[in-house]
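Based on the sequences and whatever the hints tell you, model everything.
With the first letter of the sequence shown counted as 1, position 79 gets the number 79 in full-length UniProt numbering; the numbers rise by one all the way through.
Be aware that one or more of the hints could be misleading.
[What the hints assert, rightly or not] Distance condition first, Cα-Cα at most 20 Å in a straight line; then the derived EDC-like pairs of lysine to aspartate or glutamate:
#1 23 to 99
#2 23 to 78
#3 218 to 275
#4 23 to 100
#5 281 to 204
Everything labelled a hint here was simulated from the structure, so no lab data went into it.
Since the structure is predicted, the reported quantities are computational estimates derived from the model, not experimental observations.
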Amino acid sequence: MTDAPATPIKRYATASDYVSLMKPRIMMLVVFTAAAGLVAAAGVTGTPIHPLMAAIALLAVALGSGAAGAINMWFDSDIDAIMTRTSTRPIPSGAVPREEALTMGLIMSGVAVMLMWLASNWLAAALLAFSIFYYGVIYTMWLKRSTPQNIVIGGGAGAFPPVIGWAAVTGNTPLDAWILFAVIFFWTPPHFWALSLLAHGEYEKAGVPMLPVTHGAKATRLQMLLYTIVLVPLALTPLLTGLGGWIYGVTAGLLGAVFFGYAVRVFMSRAGDADCTAAEKKLARSMFLFSILYLFLVFAALIVEHAAGLYFPVKGF
Numbered sequence: 001m002t003d004a005p006a007t008p009i010k011r012y013a014t015a016s017d018y019v020s021l022m023k024p025r026i027m028m029l030v031v032f033t034a035a036a037g038l039v040a041a042a043g044v045t046g047t048p049i050h051p052l053m054a055a056i057a058l059l060a061v062a063l064g065s066g067a068a069g070a071i072n073m074w075f076d077s078d079i080d081a082i083m084t085r086t087s088t089r090p091i092p093s094g095a096v097p098r099e100e101a102l103t104m105g106l107i108m109s110g111v112a113v114m115l116m117w118l119a120s121n122w123l124a125a126a127l128l129a130f131s132i133f134y135y136g137v138i139y140t141m142w143l144k145r146s147t148p149q150n151i152v153i154g155g156g157a158g159a160f161p162p163v164i165g166w167a168a169v170t171g172n173t174p175l176d177a178w179i180l181f182a183v184i185f186f187w188t189p190p191h192f193w194a195l196s197l198l199a200h201g202e203y204e205k206a207g208v209p210m211l212p213v214t215h216g217a218k219a220t221r222l223q224m225l226l227y228t229i230v231l232v233p234l235a236l237t238p239l240l241t242g243l244g245g246w247i248y249g250v251t252a253g254l255l256g257a258v259f260f261g262y263a264v265r266v267f268m269s270r271a272g273d274a275d276c277t278a279a280e281k282k283l284a285r286s287m288f289l290f291s292i293l294y295l296f297l298v299f300a301a302l303i304v305e306h307a308a309g310l311y312f313p314v315k316g317f
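And the structure:
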């Protein structure tokens with residue numbers, strides 16, 4: 001018996017294979033958080049942006065996200081073939097050649113950055129280019145296979161979209177933009193580690209040093225709790241700067257309390273341990289799924305406030 005991946009059977013690629021290369025689920029969240037930064041920037045600063053230019057800027061973000069995903073799948077095709085949950089991806093399944101995925105990623109990267117530059121400004125284009133490089137090279141090629149802090153440091157790549165959206169409108173990146181960056185940055189570890197508690201055996205088989213593999217499930221659960229403790233009050237700081245109003249504050253406060261509750265329950269469980277129960281596994285998965293809803297609704301609150309004219313500042317802040 002061996003863990004070596006089997007030689008993939010060649011099959012014809014479909015349109016869905018090329019879409020899968022771009023990691024569409026991640027792309028949707030990336031575009032949504034970029035849209036939140038764009039809308040919030042326009043609302044806070046009163047800077048108008050033409051709807052067509054805004055749409056092109058968000059298209060550029062989508063293409064950049066897809067490009068980074070394709071580069072990630074190109075480089076990670078060897079470990080994707082080993083892990084069960086990723087073995088059906090386009091490259092390890094034999095549908096798309098590795099070099100084709102890389103070419104696709106590089107071309108899309110260039111198109112995305114050029115579109116952003118034409119639709120907005122050089123700063124937004126430079127930030128988009130750096131975010132693609134961050135995910136495709138710094139995280140994928142360096143951090144992922146070299147340190148258990150891969151998700152922590154690499155989380156910066158996924159935190160850039162609202163900053164890019166803000167820069168696309170104003171041409172600068174003030175404190176409010178970086179607060180949104182920080183929210184995603186501190187959200188990423190508990191979000192991803194909740195899933196890695198369930199898939200740590202897969203990562204160990206592939207030789208990827210995720211935290212549950214190198215430090216164990218108990219240490220991972222503690223880190224998830226600590227990052228959540230930082231995240232929950234951090235997500236309320238837009239009330240202090242005037243970025244968020246009552247709708248945002250109530251949304252972030254209530255969802256933060258639920259997120260913290262999940263983190264405490266997971267910490268007190270044996271999720272990820274060899275003797276954990278089915279209920280404890282379900283708890284970790286529920287936290288992972290809720291974390292996606294948390295980020296979506298927190299950023300949706302910003303969009304609703306500033307796009308729909310429902311921004312009501314919290315008096316006294």
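We went through each hint and held it up to the structure:
A distance of roughly 17 Å separates the Cα atoms of residue 23 and residue 99; the hinted pair therefore holds under the 20 Å criterion. Distance hint between residue 23 and residue 78 is fulfilled; the C-alpha atoms sit about 17 Å from each other, no more than 20 Å. With a C-alpha separation of about 12 Å, the suggested pairing of residue 218 with residue 275 holds against the 20 Å cut-off. Distance check on the hinted pair: residue 23 and residue 100 sit about 16 Å apart at the alpha-carbon level, within 20 Å; holds.
Distance check on the hinted pair: residue 281 and residue 204 sit about 18 Å apart at the alpha-carbon level, within 20 Å; holds.
In this structure, none of the earlier numbered hints is contradicted; all agree with it.
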